[in-house]
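Chains as they are written, first to last, in the working numbering: chain Z, 534 to 1049; chain V, 534 to 1049.
FYI, nobody ran anything at the bench for these hints, they're computed from the structure.
Where hints are given, some of them may not hold.
It does not matter which identical chain is meant; a pair holds if it fits inside one copy or across any two.
Okay, derived cross-link-like pairs now, DMTMM-like style, lysine to aspartate or glutamate, Cα gap no bigger than 20 Å in a straight line [unchecked claim]:
1. Lys929 to Glu864
2. Lys929 to Asp821
3. Lys583 to Asp688
4. Lys583 to Asp606
Protein chains: 2
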Amino acid sequence: MRIAIVGLLLALTSVRGADTPQTSRARSVQQQVRAYREAHEREMIDEYLKFLSIPNTAFDRPSLLRNAQFIADMLRARGVAARLLPAPIAGVPPAVYGEILNPGATRTILFYAHYDGQPVNPAQWAPGWEPFRPQFVTAPAERGGTIVADWKPGDAVNPQWRITGRGSADDKAGVMTILNGLAALIGTGARPTVNLKFFFEGEEESGSPHLGAILGANRAAAAADLWVIVDGQCHFSGQKQVVFGVRGDVNVGLTVYGPRVPLHSGHFGNWAPNPAWRLVNLLASMKDEHGRVLIEGFDADVIPPTDAERRALAAIPPADAGFAAALEIPEPEVPGRSLLEGYMLPSLNINGIQSANVGPIAANVIPVSAKAALDLRLVPGNDAQRQVEKVVAHIKSQGFHVLDRDPTDEERATYPRLIRIDVVPGGYNAQRTALDSPAARAVVEAVQSTVDYPVIRLPSTGGSLPLFVIQQQTGAAVISVPVVNYDNNQHGENENVKVQFLWDGMETCAALFMMP
Amino acid sequence: MRIAIVGLLLALTSVRGADTPQTSRARSVQQQVRAYREAHEREMIDEYLKFLSIPNTAFDRPSLLRNAQFIADMLRARGVAARLLPAPIAGVPPAVYGEILNPGATRTILFYAHYDGQPVNPAQWAPGWEPFRPQFVTAPAERGGTIVADWKPGDAVNPQWRITGRGSADDKAGVMTILNGLAALIGTGARPTVNLKFFFEGEEESGSPHLGAILGANRAAAAADLWVIVDGQCHFSGQKQVVFGVRGDVNVGLTVYGPRVPLHSGHFGNWAPNPAWRLVNLLASMKDEHGRVLIEGFDADVIPPTDAERRALAAIPPADAGFAAALEIPEPEVPGRSLLEGYMLPSLNINGIQSANVGPIAANVIPVSAKAALDLRLVPGNDAQRQVEKVVAHIKSQGFHVLDRDPTDEERATYPRLIRIDVVPGGYNAQRTALDSPAARAVVEAVQSTVDYPVIRLPSTGGSLPLFVIQQQTGAAVISVPVVNYDNNQHGENENVKVQFLWDGMETCAALFMMP
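Chain Z with its partners taken away, still in its complex shape:
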């Protein structure tokens, strides 16, 4: 997720039901895990603060390697055989792999998290808040949070405090809850019956460019019946959720060409074609003023939600009103369409648009070109290449001559409507795991065992991850189990995790390790 959602103070009532009793065995494991945690909180906090102190941005490769080694050491300290899985290119951050194999186990579950973080601009952080000096704060910066200045190592930690720092939520929290959930479980003497594997990636925030290669070179390690992705956020109500899919994603750049040089808007206005108008007219032909996509067949290949997915969606406490208030959105893009309905459909978004200049530096010119960046999200049934082809066909139907490079002089002089279309490499399809599959049921049951309200089952997030790649390469089912608070400013300044969510996440992971 590339953008922080700041300031979302959502006071939505949680839904509690008496019809989802925890089993007494699960409750017993949870109570033991909690007791272990309460007894070892200070060591866990100490270790996590050290982990967060190691920088983890993409271009700091020595530090990324230190993170990987730190994780391997944490695995070994918990009695797990651990090793680094190098990428095929020197210098690329390795994955960290560990496994606990149980003789006689018939099923293997792999737990995934990532240790790298988004870039940071320390100047954008609140005064005294630093990306790689983790501290306790009383609340998010934008809601007046202050640093708990008198806390010292060994002091008790208020679970309502937050820990600040890059990666504190996304996704060192995944690593932390997996490893401490494991430590607690081992500490209680409970023993998983399945094979457990652990896989921690160091390039997720860069788009996982070498994940496929690492998986391909380590097929035995990557093999599992189920990958559990411990990443992402709990529902904004604070409730735990299980996420069964992601949308696919592909980006397309458009460049419409005008005259060869910038022209004086007085001397040539009304005569020389303006590429900004051409782009504007083209884009307007793609989506009407009610937000409906006008590209032929855009939704035609969508596989509609299954009955199980529909039921799950209907059971999710709606967030639309809360988001609308927090974000100051008077009405949704397509009136009457809910946030979750939108997740079940492909999207067409303008990420950006640009031609010449605006504001004080605008000049009276006919620009030479006009550009737009489009983002296409995909759902099951869509194919990235096919979806792009629909857009290209639409552009051609509007009279444009399409190129995949800059035009020659002759082409500029020949075609009144000339466009360059750049399909950004790395597009991929959606991934969805059936809600009624055995793996899905087992994961929901495990998470459910830790809470007394119905766990939210989200058929797909609106966002995207290349989980399709994992599914294709390993054949495993892939399900995400987020652990952190929603308002964590991930990817932005002042990233933070609420301590209580780390403790709850440990219990979630411990329950998942005990799946039958």
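On the provided structure of chain Z, position chain V as indicated by the hints.
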């Protein structure tokens, strides 16, 4: 004119007619002026190179003052009483004023040029070409011109060479041709019968912000029957032209608002409204894909060209094909509409458009806002304020709530379509002088006396100057007589003037001084 038109090599046949004989008296004056010039060419060149060596960009006020003093000295050297007309604010470049009053004269003609130049970025100039070190070059830089390195002061000058430097064409050439036309006329012993006034401005390239105040404080000096603006370019065929008007101009900035913070295009795409789509749909509602403006009443108050203007337009050698080839324009914005037809109509141009980012730095976001800069050119009948009101009314008709400032949180939460409209201060109306007025006839006759082809009479250029202000403040007729070559790169790098155009411009000015 804010943008250089580079590389326009237009080989258009000049139109010559036998029906426009020069009078023998005029021919005699012209021959004497030419003989004087040939005898004094080296001093004139020497003086012009010194003039061009004084920097004249807007923020170098000490140098602008030196320019003004240099001009005053040149006037005095020609026997003209000269003085500086200070602006009401200290430090603002003064105008330079001079006059030759003839006892018994019943008419007064004021000659205007400006001595300030556009900003320069020396790094963009060709190697060895410098904004304030004038040199002779063999051709424009973009057509392979080279510096005439062995030329020394006192050497003969090839009239096909060009002089490079900021202001060499725009508009120190106006000052130069006025003053040397005058020197030559005085040298020949000819004597104007009208009062002559000279007014040289130092803030034209900054939009003449204090011109009105200087005129208001010097009403007697500014008073004239006719202002002749010696600025702008000859027809691209090289032929002399007289220009009777300019379009008005007003700029409008638009900002459409989206959610309060940038949103993840996956998690909120299909639900949160995207301001870039809203702006695109709004702009597309203003102009159709054939370039026709859809705003109600946009052309309704246009005063159509007079019969005289129509005839003059019909007589102008069309440049459309030449421009289309040079600029690689396959067809005009409105198919079938010529360049000159367009000059007679108001225009609606997108100067620029911007929302978030495009290209490699595009992120998968729903942007917080989308901006456009519009340029509205005006013709007689249009009023700047009224034209803007039509645009605002159109925007309201598309469901937008209009503000002249950023929205409050409450407004953002209330209005689904929210726009800020900024009308850029300084807009002004068109100016046009009737082609069949006595002043117009006299000017054309004077210019015609210097050439044996029919002088081009352009009812209006497509560009804009605040000549409306001069007309309003002084009551004078205002007519422009350009002197320099079209391909002069004015406002851009490598500005230049072809020497022959300086010599021809002197003859034009001398003929104008002798108007009855």
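Right, here's what the structure says about each hint:
no.	hint	verdict
1	Lys929 to Glu864	between (33 Å within a copy, 18 Å between copies)
2	Lys929 to Asp821	both (18 Å within a copy, 18 Å between copies)
3	Lys583 to Asp688	within (16 Å within a copy, 79 Å between copies)
4	Lys583 to Asp606	within (13 Å within a copy, 77 Å between copies)
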